[in-house]
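Chemist: Generate coordinates for the entire structure from the input sequences, incorporating the hints supplied.
Protein sequences, first through last, are from chains U, D, F, E and Z.
Residues 1 to 222 (the working numbering) make up the first sequence, in order.
Residues 1 to 222 (the working numbering) make up the second sequence, in order.
Residues 1 to 249 (the working numbering) make up the third sequence, in order.
Residues 1 to 235 (the working numbering) make up the fourth sequence, in order.
Residues 1 to 235 (the working numbering) make up the fifth sequence, in order.
Every clue listed holds true.
Straight-line C-alpha distance at most 30 Å; calculated DSS-like pairs for lysine-lysine:
id, chain 1, residue 1, chain 2, residue 2
1, E, K27, F, K150
2, Z, K27, U, K140
3, F, K231, E, K27
4, E, K27, E, K231
5, U, K134, D, K140
Treat the hints as calculated values from the structure; they're not laboratory data.
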Amino acid sequence: MTASLLQARSLTLIRGERSLFQALSFVVQPGEAFILRGPNGVGKTSLLRVLAGLSRADAGGVFLNNVEVTLLSAAHRAATLYVGHANALKDEFSAEENLTDQLALDAIVSSRETRLDALRRVGLLTRRHVAARKLSQGQKRRIGIARLMLSDRPVWLLDEPTNALDQEGVALLLQTVDQHLAAGGGAVIATHLALPLQSPARELTMQEIVAEAAQVAMVAKQ
Amino acid sequence: MTASLLQARSLTLIRGERSLFQALSFVVQPGEAFILRGPNGVGKTSLLRVLAGLSRADAGGVFLNNVEVTLLSAAHRAATLYVGHANALKDEFSAEENLTDQLALDAIVSSRETRLDALRRVGLLTRRHVAARKLSQGQKRRIGIARLMLSDRPVWLLDEPTNALDQEGVALLLQTVDQHLAAGGGAVIATHLALPLQSPARELTMQEIVAEAAQVAMVAKQ
Amino acid sequence: MSLFKYSAPSSFYPLAGRLVPWFGTLAFLLCVAGLYIGLFVAPEDFQQGEVYRIIFVHVPAAWMAMIIYLVMAFYAVLALVYQTRLSSMMMEALAPTGAIFTALALWTGALWGRPTWGTYWAWDARMTSTLILLFLYVGYIALINAIEDKKRSDKAGALLVLVGSVNVPIIYFSVKWWNTLHQGASVSLTQGNKMAATMLLGMLVMALACWMYAIAVGLCRVRAIILEREKNMQWVRDIKEVNDQSSAT
Amino acid sequence: MSAVLPTPDLLLIPERGLWVAAARDVKLAMRSKGELAQALVFFVIVVSLFPLAIGPETALLKRIAPGVVWVCALLSVLLTLPRMFQQDYIDGTLEQLVLSRYPLPLLCAGKMAAHWLTTGLPLAAVAPILGLQFGLDSRELAVVVAGLLLGTPVLTMLGAVGAALTLGVRGGSILMALLVLPLYIPVLIFGAGAVESTMAGLDAAANLSLLAAMALSGVVGVPFAVAFAVKISLD
Amino acid sequence: MSAVLPTPDLLLIPERGLWVAAARDVKLAMRSKGELAQALVFFVIVVSLFPLAIGPETALLKRIAPGVVWVCALLSVLLTLPRMFQQDYIDGTLEQLVLSRYPLPLLCAGKMAAHWLTTGLPLAAVAPILGLQFGLDSRELAVVVAGLLLGTPVLTMLGAVGAALTLGVRGGSILMALLVLPLYIPVLIFGAGAVESTMAGLDAAANLSLLAAMALSGVVGVPFAVAFAVKISLD
Ligand code: HEM
Ligand SMILES: Nc1ncnc2c1ncn2[C@@H]1O[C@H](COP(=O)(O)OP(=O)(O)OP(=O)(O)O)[C@@H](O)[C@H]1O
Ligand SMILES: Nc1ncnc2c1ncn2[C@@H]1O[C@H](COP(=O)(O)OP(=O)(O)OP(=O)(O)O)[C@@H](O)[C@H]1O
Ligand SMILES: [Mg+2]
Ligand SMILES: [Mg+2]
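Modeler: Written out as structure tokens, the structure is:
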């Protein structure tokens with residue numbers, strides 16, 4: 001069987017009366033990006049949160065390296081990195097302090113040089129002392145990119161990572177993801193934009209489930 | 001002289017040690033969209049907040065119909081509508097309640113039909129009873145679009161209005177803006193994306209000010 | 001095993017339906033009997049006169065107030081360990097009854113206090129502990145109502161009740177102890193000891209009646225909760241009375 | 001529909017702003033099931049803490065009753081103050097309030113009215129029960145209620161200023177407490193004083209009328225102060 | 001750099017999680033201008049409200065001193081509870097805590113430690129001064145401090161559960177108070193009881209040891225309860 005980094009087996013999630021997705025299955029292979037598309041409210045964020053372990057699916061399971069994970073088990077947490085809409089920044093901490101703390105929480109050992117270098121690459125070196133409250137929307141997101149650069153988790157779960165980023169920022173993000181994939185990592189990315197990645201990417205376009213029986217359409221392309 | 005809906009005369013804003021923009025002037029004519037571009041952190045949001053009256057410029061003034069406005073005067077508030085990153089939604093209110101309250105606050109008299117119709121057009125009719133907390137990121141933004149549809153303010157100040165919207169949502173937004181402009185309104189829109197508007201649009205690409213003397217470059221095109 | 005079968009709402013719902021009438025009638029009969037003994041058979045108290053008869057409501061109510069909370073704690077453990085939806089529903093169903101009994105104990109107590117101690121309220125050990133118990137009930141009810149997502153409110157409520165239950169005995173004894181200065185509680189204590197046999201009988205019968213009442217009401221309420229929570233499950237749609245209802249409207 | 005010219009200011013009835021804001025906040029308070037009830041129970045609990053801590057001697061309790069009831073009223077108002085602006089500040093509603101066509105002071109007044117209706121009024125309503133527990137007689141109870149009815153609006157208004165000033169400041173809730181509590185002291189003294197003078201068989205009118213005076217003067221000035229504080233909190 | 005395989009769990013020292021979380025929160029508390037000072041000053045102010053409200057009789061004040069001090073300690077801890085999780089919940093840090101490789105209970109323990117260091121400890125430190133105002137003698141003061149040192153950790157821990165349970169629930173702060181206060185009552189009774197028994201010339205050991213017992217048993221169980229509460233608050 002093929003090596004699979006992350007696998008979703010027949011996931012079903014019910015919100016209110018409706019099920020967002022039903023018996024949804026897919027595989028994310030090492031070095032491959034898995035792009036989630038679909039109209040607003042179709043369930044991309046919800047799916048990512050299930051994969052991350054933040055919410056519990058009503059049916060089905062998540063597999064890492066073909067082993068089913070117990071939600072939020074040490075193995076699960078060590079394998080996945082979830083970056084959602086919230087930036088997890090402390091308003092009164094500077095950009096640098098925020099990055100340092102996030103890495104400490106991620107259990108990443110990093111020298112100050114590496115951190116400053118990352119901040120330089122995301123263009124925040126000159127702003128590293130500015131309190132996060134005063135940073136612009138995009139600058140806040142860029143701290144998240146710096147965190148990604150230094151992350152050691154094999155599976156990235158990114159929810160609309162391009163939000164509020166300018167073209168240069170988007171390019172930077174894609175480059176970071178590409179590096180990660182090139183190194184054998186995997187990523188699930190929910191987005192509404194076209195992401196010109198170097199690495200192989202497959203797309204899942206989710207559609208709203210009308211009838212109970214309906215299935216999520218799967219559009220695979222290389 | 002040309003009819004000018006909104007006018008910025010040599011605005012200067014200083015943040016920390018640096019000035020974000022200096023002696024910045026531009027005119028927004030009726031029926032015209034004014035697009036703000038520029039890298040993250042260059043000062044688009046700050047400029048919009050100055051125009052809305054939420055923050056005070058260090059120099060220069062804002063003019064409506066060639067009359068200088070006193071910040072947040074009744075005239076100023078009656079003329080401008082600012083939609084920023086925050087959605088101004090109450091988590092525990094339903095989509096419909098939120099829209100109703102926002103309109104009440106905007107002093108818009110609207111029948112329930114018009115409101116429901118707006119919700120239908122933004123695709124939230126079926127979700128109108130769902131608490132805002134449970135809505136998806138894009139659905140929250142769409143309530144904002146519904147509000148725009150029913151707004152009566154001549155000048156719209158929109159900060160990255162396409163955030164979190166899917167293609168259809170973006171189209172809807174552009175259509176709404178076009179209608180507004182066609183009816184003789186004006187809009188200042190900060191964005192990182194290309195906005196294919198029908199109406200005439202001019203662009204201002206802001207650049208970071210390096211030397212004190214430097215001027216903001218103005219790239220005007222029709 | 002057969003017990004576990006009934007931990008599924010679908011199979012518990014009809015069972016509860018069949019049990020309610022029995023407990024209901026038992027509650028009624030026992031209550032009549034108890035009140036008869038209490039009001040007519042039991043002799044008048046030599047020092048308190050007729051007032052003391054409140055005891056036949058007061059004490060059973062007070063007992064139930066405490067017992068129901070412990071029962072809820074028991075269900076909380078089930079809910080957290082075995083993740084059975086039903087036990088959370090049972091907690092939700094019992095809480096109001098418990099709160100009502102607590103309020104009743106307070107109220108009757110206060111009414112009783114007026115003639116005997118000359119005051120509606122003294123910060124007596126038992127009174128206070130009962131008051132706190134009421135707060136615990138109110139807190140639980142407020143919490144599960146404030147969280148609209150049922151999955152979450154179940155777990156949150158269970159956790160709260162568990163933490164709270166650890167507190168109940170502490171509160172109970174500690175307050176007694178703090179109260180060494182005070183005579184109020186001793187009244188009820190000594191009374192409890194030198195109680196005529198018929199009084200005791202009456203109290204016990206009434207206590208039983210309260211038990212039956214609590215169970216009957218609990219089952220009724222849990223049935224309602226089950227229907228409300230699983231309204232869009234097939235087995236609920238299949239129930240006859242539900243269909244009649246929906247077709248009627 | 002859009003870009004109709006705005007209704008000329010003649011047609012805009014500013015007073016509606018007060019109603020709009022008030023209705024909105026009251027609805028919010030009602031929505032979150034029994035927030036009122038909660039404020040009340042909090043009040044009741046805190047009051048009952050004292051007999052637990054001090055012991056049950058009726059005489060002593062009655063002696064300290066006015067002070068305790070008033071301090072607790074103070075605190076339970078204090079605890080509900082964040083509700084007034086915090087949420088609106090975070091979710092961006094506050095910006096929209098400032099930019100609304102209705103005059104900001106009126107909107108703020110509306111929010112304060114809502115706050116009092118959902119906090120001060122219930123407190124005044126439940127106070128008698130607590131007074132009974134402390135063994136106050138009916139005349140004393142009447143004074144307690146009257147005092148609360150006159151005093152809680154002042155608490156709300158002073159609190160609103162503090163709440164607005166500390167918006168977006170971290171540890172705001174407690175910093176606010178620091179700003180507000182000293183301002184509350186006069187209310188406390190007059191309020192408790194009224195009850196005590198009644199207990200001493202004197203007339204409470206003086207104290208009460210002082211409270212009334214504070215309330216009235218507050219209604220005139222505070223909304224503008226609050227509006228100002230809100231504006232600067234946003235820049 | 002990226003996509004290095006994660007450090008094998010042998011290399012991950014879970015205990016560091018406690019330190020990471022604690023350090024972070026303490027830093028935050030320090031950063032926001034004297035948050036410590038604030039909790040303290042609140043305590044001081046509220047305590048000093050009572051002489052104002054009740055009047056200056058020394059005997060009476062001394063009699064109610066233990067109760068007042070303890071109730072106020074309770075309330076100032078209560079007021080600082082939102083700080084523990086609210087902000088993290090809003091800005092998304094809490095999600096990252098849950099997803100961190102460090103065990104959540106340890107991280108929560110760290111946050112509680114930080115909270116105690118920035119709240120309970122200062123309170124215990126300043127209590128003697130207040131006690132003096134109420135005319136307590138040195139032996140009684142010692143008992144007050146000892147009681148607070150043993151009791152405030154319990155307040156922090158029980159409070160953490162309440163704070164986590166009410167995350168994202170509207171009217172949270174007051175609902176939390178409603179959940180937490182009844183749980184606080186035993187601490188209050190033992191704490192105040194200890195001082196009173198000393199005043200009555202008896203031995204305070206019994207009360208104090210009960211507080212110690214609660215603190216110890218809490219340390220064992222509470223972090224797991226809090227971690228659980230945090231998780232469900234996110235789902
Ligand atoms: C609001 C006021 C009162 C409250 C909250 C209250 C609460 C309680 C509680 C919780 C119990 C059950 C405790 C146990 O069984 O160990 C109880 C039992 C009892 N109460 Fe009260 N009580 C109040 C007033 C009174 C008064 C005024 C009297 C009579 C003077 C009284 C007489 C008794 C007696 C005789 C018992 C039974 C004692 C026993 O079974 O050992 N109570 N009360
Ligand atoms: N209790 C509920 N009742 C009804 N619908 C609900 C409930 N809770 C959540 N939903 C729906 O579940 C969906 C969750 O969407 P989610 O955030 O996963 O979408 P998304 O694909 O991320 O959308 P976006 O592209 O806007 O981010 C929304 O459509 C929301 O309306
Ligand atoms: N006190 C300060 N010291 C230094 N720089 C500051 C200070 N306050 C704000 N700034 C800077 O001012 C800028 C404000 O940017 P603004 O939010 O207006 O940018 P923007 O164009 O909206 O960016 P984006 O495209 O990311 O939204 C940021 O670059 C921020 O770093
Ligand atoms: Mg989403
Ligand atoms: Mg911006």
